[in-house]
Amino acid sequence: MNKLVFGALALTLTSTAGFASDNEWLSLDQEIDALASSLTVQGGAGIGGWIGANYSTNSDTNMAEFGTVGRFNVTGSVGDYGYKVSIDHATGDGDGDGLMVRDAYVSFPCGDAITTTFGQFKQPYNRSGLISGNRLLFLGRTDVARAGRSEGIKVSGSFDALDWAVSMQDNDGVTDDETVMTVRATFDLMGDGVGNVEGAYGAGDGMNATIGVAMSDDSAADTSDTNIEFNMTGGAWSIGAEMDDDDASGDTATAITGSYMLTPDTWELAVRMENDGADGSDDDIRFGVNKYVSGHDCKWQFDYDSGDDTDTISVGVLVSF
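Just so you know, we're using the numbering used here here: the sequence shown kicks off at 1 and counts up by one.
Read the hints as simulated data drawn from the structure, not as lab findings.
For every residue, glycine included, the Cβ atom is placed at its ideal position computed from N, Cα and C.
There may be inaccurate statements among the hints.
[To be verified] The following label-pair restraints were derived from C-beta to C-beta distances:
#1 V155 x V271: 19 to 27 Å
#2 F108 x I228: 38 to 46 Å
#3 M181 x T263: 27 to 35 Å
#4 D112 x G46: 35 to 43 Å
#5 A248 x E65: 25 to 33 Å
#6 E65 x T226: 15 to 23 Å
#7 V319 x A161: 28 to 36 Å
#8 A221 x D192: 32 to 40 Å
#9 G235 x A161: 15 to 23 Å
#10 A161 x D60: 17 to 25 Å
#11 S224 x F108: 26 to 34 Å
#12 P109 x L262: 18 to 26 Å
#13 W164 x L262: 33 to 41 Å
#14 G206 x T263: 14 to 22 Å
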């Protein structure tokens, strides 16, 4: 009896579908398309980010700790207006645990050659701070890198080999109307410039070189800092030099970085020497080995840091999506 009932029901359904008119099928297609459109993120947003885990140990200070980092980025545009929101979670970096909003800004064109950014964004000061956290040569940035964000407005543009940016941002930790003004300019001396990746991975066979200079004026502290940088790649090798003059302390910090692709697209060796410029300070020397599984999107990193009369060994893995 059940077989007869189910058979009749199946026959009825197939018969109904078989006798459906072309208009009915067209209406169904339109409903499906409308549903698909409603599920699409407004503005064609793209989702990305990265996940990393690391371990560091220092026998001189009896330190051993695990750390993690997770970044979630949403970017997109609506007409001529672009936007970006990024949230991350990090442990073992000295900033404490928990979620934190990094970027939250809207960008829009002003004419044909100028872009305005309004919201919370990185200070456009030095390349070592502006490079994305998943495109670094070592597990950490240079000591003088400025990778923090604050609210403000920025105008930027490019003309041939020249890129420039001017920003006015809130002074973090200051409750009044004090601001930080930043001016930055870079010029590609050779080739297409060095791009936004540290090291020699993906540099190509030609010679590429970029020079940059930036000035930052802090109205609250009444000080001005200056940064000068030079970066160059040539096939399997890369070099970078950075000098940062701190007006408040009178010290001039330096960072020199070099790398060599031992095996094309797979193994890269790196060394970095830094000095904070203070009287009597020693050089901080760091060695690194990177194993690229899928470029910077998936890599292992091994660091050895001999700074401050202590030796720190770190290992980390990072996967981007």
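Hint-by-hint comparison with the structure:
1. V155 x V271: 19 to 27 Å: For V271 against V155, whose Cβ atoms are near 37 Å apart, the range 19 to 27 Å is violated.
2. F108 x I228: 38 to 46 Å: Because 31 Å falls outside the window, the suggested range is violated.
3. M181 x T263: 27 to 35 Å: violated, 45 Å
4. D112 x G46: 35 to 43 Å: violated, 25 Å
5. A248 x E65: 25 to 33 Å: Since A248 and E65 have Cβ atoms about 31 Å apart, the given range 25 to 33 Å holds.
6. E65 x T226: 15 to 23 Å: Taking Cβ atoms as reference, E65 and T226 lie about 35 Å apart, which means the hint is violated.
7. V319 x A161: 28 to 36 Å: holds, 34 Å
8. A221 x D192: 32 to 40 Å: holds, 37 Å
9. G235 x A161: 15 to 23 Å: Check passed, 21 Å falls within 15 to 23 Å.
10. A161 x D60: 17 to 25 Å: violated, 46 Å
11. S224 x F108: 26 to 34 Å: The hinted range 26 to 34 Å holds for S224 and F108, with Cβ atoms some 30 Å apart.
12. P109 x L262: 18 to 26 Å: At roughly 43 Å between Cβ atoms, L262 and P109 fall outside 18 to 26 Å, so the hint is violated.
13. W164 x L262: 33 to 41 Å: Holds, at about 36 Å.
14. G206 x T263: 14 to 22 Å: Distance hint for G206, T263 holds at roughly 20 Å.
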